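Number of protein chains: 2
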Amino acid sequence: MHLEIKRSYFTEQLNDVLKAISNRTALPILSGIKLEADNDKLVLIGSNGEISIEITIPTEVDNEEILTITEPGEAVLPARFFTDIVKKLAGEYVQLKSTDQYSIQVSGGKSNFVISGSNPDEYPLLPEVNNEESLKIASSALKTIINETNFAVSSSETRPVLTGVNWQFFENEIHFTATDSHRLALRKLKDKSHAIEIKNAIIPGKALHELNKIIEDSDEDVEINFSQNQVLFKYGNLRFISRLLEGNYPDTSRLFPENYETNLVINNDEFLKAIDRVSLLALESGNSAIKMTIDSNRVVLSSNSPEIGNVEEEVTSVDLEGEPLQISFNSRYMMDALRAVPEEEVSIEFFGTMKPFTLQSNTSNDVIQLILPIRTY
Amino acid sequence: MHLEIKRSYFTEQLNDVLKAISNRTALPILSGIKLEADNDKLVLIGSNGEISIEITIPTEVDNEEILTITEPGEAVLPARFFTDIVKKLAGEYVQLKSTDQYSIQVSGGKSNFVISGSNPDEYPLLPEVNNEESLKIASSALKTIINETNFAVSSSETRPVLTGVNWQFFENEIHFTATDSHRLALRKLKDKSHAIEIKNAIIPGKALHELNKIIEDSDEDVEINFSQNQVLFKYGNLRFISRLLEGNYPDTSRLFPENYETNLVINNDEFLKAIDRVSLLALESGNSAIKMTIDSNRVVLSSNSPEIGNVEEEVTSVDLEGEPLQISFNSRYMMDALRAVPEEEVSIEFFGTMKPFTLQSNTSNDVIQLILPIRTY
Chain F
4 MHLEIKRSYF
14 TEQLNDVLKA
24 ISNRTALPIL
34 SGIKLEADND
44 KLVLIGSNGE
54 ISIEITIPTE
64 VDNEEILTIT
74 EPGEAVLPAR
84 FFTDIVKKLA
94 GEYVQLKSTD
104 QYSIQVSGGK
114 SNFVISGSNP
124 DEYPLLPEVN
134 NEESLKIASS
144 ALKTIINETN
154 FAVSSSETRP
164 VLTGVNWQFF
174 ENEIHFTATD
184 SHRLALRKLK
194 DKSHAIEIKN
204 AIIPGKALHE
214 LNKIIEDSDE
224 DVEINFSQNQ
234 VLFKYGNLRF
244 ISRLLEGNYP
254 DTSRLFPENY
264 ETNLVINNDE
274 FLKAIDRVSL
284 LALESGNSAI
294 KMTIDSNRVV
304 LSSNSPEIGN
314 VEEEVTSVDL
324 EGEPLQISFN
334 SRYMMDALRA
344 VPEEEVSIEF
354 FGTMKPFTLQ
364 SNTSNDVIQL
374 ILPIRTY
Chain E
4 MHLEIKRSYF
14 TEQLNDVLKA
24 ISNRTALPIL
34 SGIKLEADND
44 KLVLIGSNGE
54 ISIEITIPTE
64 VDNEEILTIT
74 EPGEAVLPAR
84 FFTDIVKKLA
94 GEYVQLKSTD
104 QYSIQVSGGK
114 SNFVISGSNP
124 DEYPLLPEVN
134 NEESLKIASS
144 ALKTIINETN
154 FAVSSSETRP
164 VLTGVNWQFF
174 ENEIHFTATD
184 SHRLALRKLK
194 DKSHAIEIKN
204 AIIPGKALHE
214 LNKIIEDSDE
224 DVEINFSQNQ
234 VLFKYGNLRF
244 ISRLLEGNYP
254 DTSRLFPENY
264 ETNLVINNDE
274 FLKAIDRVSL
284 LALESGNSAI
294 KMTIDSNRVV
304 LSSNSPEIGN
314 VEEEVTSVDL
324 EGEPLQISFN
334 SRYMMDALRA
344 VPEEEVSIEF
354 FGTMKPFTLQ
364 SNTSNDVIQL
374 ILPIRTY
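Heads up: the sequence lines are chains F and E, in that order. According to the working numbering, the first sequence is numbered sequentially starting from 4. According to the working numbering, the second sequence is numbered sequentially starting from 4.
No lab work stands behind these hints: they were computed from the structure. Just to be clear, a hint being listed does not mean it is correct.
Claimed, not checked - Pairs of lysine-lysine, PhoX-like flavour, derived with a Cα cap of 20 Å: (1) Lys91/F x Lys113/E; (2) Lys91/E x Lys294/F; (3) Lys100/F x Lys44/F; (4) Lys139/E x Lys90/E; (5) Lys237/E x Lys276/F; (6) Lys100/E x Lys90/F; (7) Lys113/E x Lys113/F; (8) Lys209/E x Lys276/F; (9) Lys276/F x Lys216/E; (10) Lys90/E x Lys91/F; (11) Lys139/E x Lys294/F; (12) Lys237/E x Lys209/E; (13) Lys113/F x Lys294/E.
To be verified - Output of the computed footprint for chain F on chain E, the stretches with three or more beta carbons under 8 Å from beta carbons of chain F: (14) 105-119; (15) 311-317.
Fair warning: this is a prediction, and the values are worked out from it, not measured in the lab. Backbone N, C-alpha and C fix where the C-beta goes; we use that ideal spot for every residue, glycine too.
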């Protein structure tokens with residue numbers, strides 16, 4: 004391998020590939036980044052066995068020549084170490100050149116590094132994902148969907164399927180569901196164009212979290228392909244592959260109650276800040292439960308801890324109807340849900356002290372957040 | 004106690020006092036902040052037993068009334084919890100009001116907190132420091148002195164005196180010395196005005212670090228008073244008290260060699276970046292040693308690790324004279340020292356492969372950094 008590449012552009016791409024690479028890996032070669040230089044492109048590959056990222060760098064970007072390949076070749080180099088070097092080198096360009104036995108000389112400015120690598124033939128092949136089960140979503144829409152649901156996946160491995168987001172494919176709609184069994188986020192997307200024949204796929208929350216960091220908030224399409232065990236996201240020069248979670252996702256459709264007893268419409272930001280304040284006392288006493296009392300015309304948040312003190316804050320409602328109510332909930336779940344309803348006004352429907360309640364935008368029902376109360380009464 | 008205070012100003016002062024307060028304290032009451040409200044001022048006190056901070060808030064600041072005291076009184080409240088509440092409350096002002104038995108009601112916007120406190124009579128008295136042994140330094144100069152020396156104190160408690168900076172008082176000069184026995188920083192300050200009769204005082208590095216975060220880069224004077232065991236820094240409405248370290252500070256005056264064998268003058272920033280790059284390889288192989296080779300007209304940094312690779316970088320010298328040299332040093336110590344010589348060009352004097360070398364500004368000898376080489380040859 005012998006090539007020269009624009010350092011700033013190369014650093015960005017390396018940083019993206021790093022998102023799939025872990026130093027704590029059972030397979031030591033996976034702590035490396037694979038470089039495949041061709042006559043007219045350089046491919047970067049990183050993988051932690053669960054997520055794999057492949058980025059193809061062309062010789063020209065926006066009519067500027069950023070890559071000159073003098074001699075094709077392959078290499079596997081320690082990923083973080085190599086990226087740090089490229090980042091800190093002087094000079095606008097960096098040169099890579101094979102020396103003996105898997106080693107690569109990395110030069111820029113007046114620096115010359117020689118880095119020992121691994122045998123590229125030992126790097127595992129990335130999973131194959133065919134193009135049959137295919138779907139397109141604009142990257143900005145995909146980011147929104149991830150932001151509205153991904154926070155609610157379970158962080159516990161007790162029920163592995165709950166660590167993922169369940170994508171359900173209907174004829175004209177896709178549903179995205181995440182739950183840790185204490186709260187649930189459901190996003191619905193109207194989509195008539197997809198060619199997906201499977202019923203559902205469970206995508207690991209960690210994969211969606213990393214994908215969200217790489218794709219930009221633009222109207223460029225992300226093409227998504229599903230195979231038996233894998234999902235592939237294609238976005239510009241990026242291929243992002245994740246394994247799917249195996250197992251049956253619980254049926255959550257019956258969780259949503261109908262006919263609320265109490266409906267509260269409230270300013271999202273003001274409510275979020277009030278809960279943040281009141282939760283200070285709950286957190287100081289080592290839990291996250293705060294109490295809400297609704298009577299005919301007042302909404303009061305409160306928390307009480309004999310050792311530490313107590314707090315009460317009245318919040319102003321935009322609209323309030325139905326039965327009086329006392330309910331306790333986890334303040335963090337409430338704040339997460341409010342942040343995931345990106346509208347100025349939120350409608351909260353309650354079905355009684357012991358029943359789950361739901362949050363929705365006051366103007367759309369694309370996204371619905373459900374929270375189980377805490378039994379304190 | 005019953006008072007009202009401007010929230011933004013109060014938050015800033017609380018944040019400063021917090022710098023002396025630790026949650027991991029042997030004396031539980033010290034995790035609290037003490038408030039003493041008088042007819043015309045509010046005093047905030049925090050202490051971890053080693054550092055104490057006292058801030059006096061007047062009723063007016065810059066002709067604006069920021070504090071109204073309706074009823075004097077004292078309280079001790081959980082410091083971080085109380086500060087978080089004040090920070091997150093709504094409204095421009097916050098009200099504090101004693102309720103029963105050491106509790107304080109904290110109100111702002113529509114929030115009402117009641118916080119349980121401790122008995123203010125049980126809060127320890129701050130050490131007394133008299134005004135006899137006194138000295139004034141502009142806060143900007145004091146910050147510079149701390150930045151140039153404090154990084155070199157020892158982080159190990161093996162020799163406690165080395166965790167502090169030694170202030171030595173001469174008739175017309177003050178010397179500030181910090182060393183962890185691998186490197187040393189010495190700052191000299193011409194000062195004829197001081198009225199200090201003690202020979203020296205060892206101030207804990209941790210105290211100077213916190214003080215540095217509080218005082219601003221201005222020409223306002225800091226008045227410094229020494230007593231037997233304590234030092235007091237007075238700055239505006241702040242009193243910052245630290246214990247002094249007991250014991251004899253080693254005599255470091257004989258460490259500085261004369262008549263260099265090799266003298267290298269080099270651009271500070273370029274040299275720092277080159278060392279930062281070359282150290283990447285050393286760090287990847289788990290140590291910090293890099294090698295420098297000087298011959299008649301070339302200066303080359305290098306590092307070599309059989310498993311990981313090697314690196315070589317030539318650096319451009321501004322001036323170079325004397326004997327050829329090979330020397331190894333800790334890259335972190337070199338970078339720390341370069342950052343503490345705040346001049347564009349640095350003069351480095353070497354006295355042979357095994358002897359300590361020194362860094363100084365090319366234009367002034369107020370500050371001198373000394374580093375012991377690593378024996379690798």
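Right, here's what the structure says about each hint:
no.	hint	in the structure
1	Lys91/F x Lys113/E	52 Å, violated
2	Lys91/E x Lys294/F	19 Å, holds
3	Lys100/F x Lys44/F	15 Å, holds
4	Lys139/E x Lys90/E	34 Å, violated
5	Lys237/E x Lys276/F	38 Å, violated
6	Lys100/E x Lys90/F	55 Å, violated
7	Lys113/E x Lys113/F	63 Å, violated
8	Lys209/E x Lys276/F	36 Å, violated
9	Lys276/F x Lys216/E	29 Å, violated
10	Lys90/E x Lys91/F	39 Å, violated
11	Lys139/E x Lys294/F	55 Å, violated
12	Lys237/E x Lys209/E	18 Å, holds
13	Lys113/F x Lys294/E	16 Å, holds
14	105-119	holds (count 9)
15	311-317	holds (count 7)
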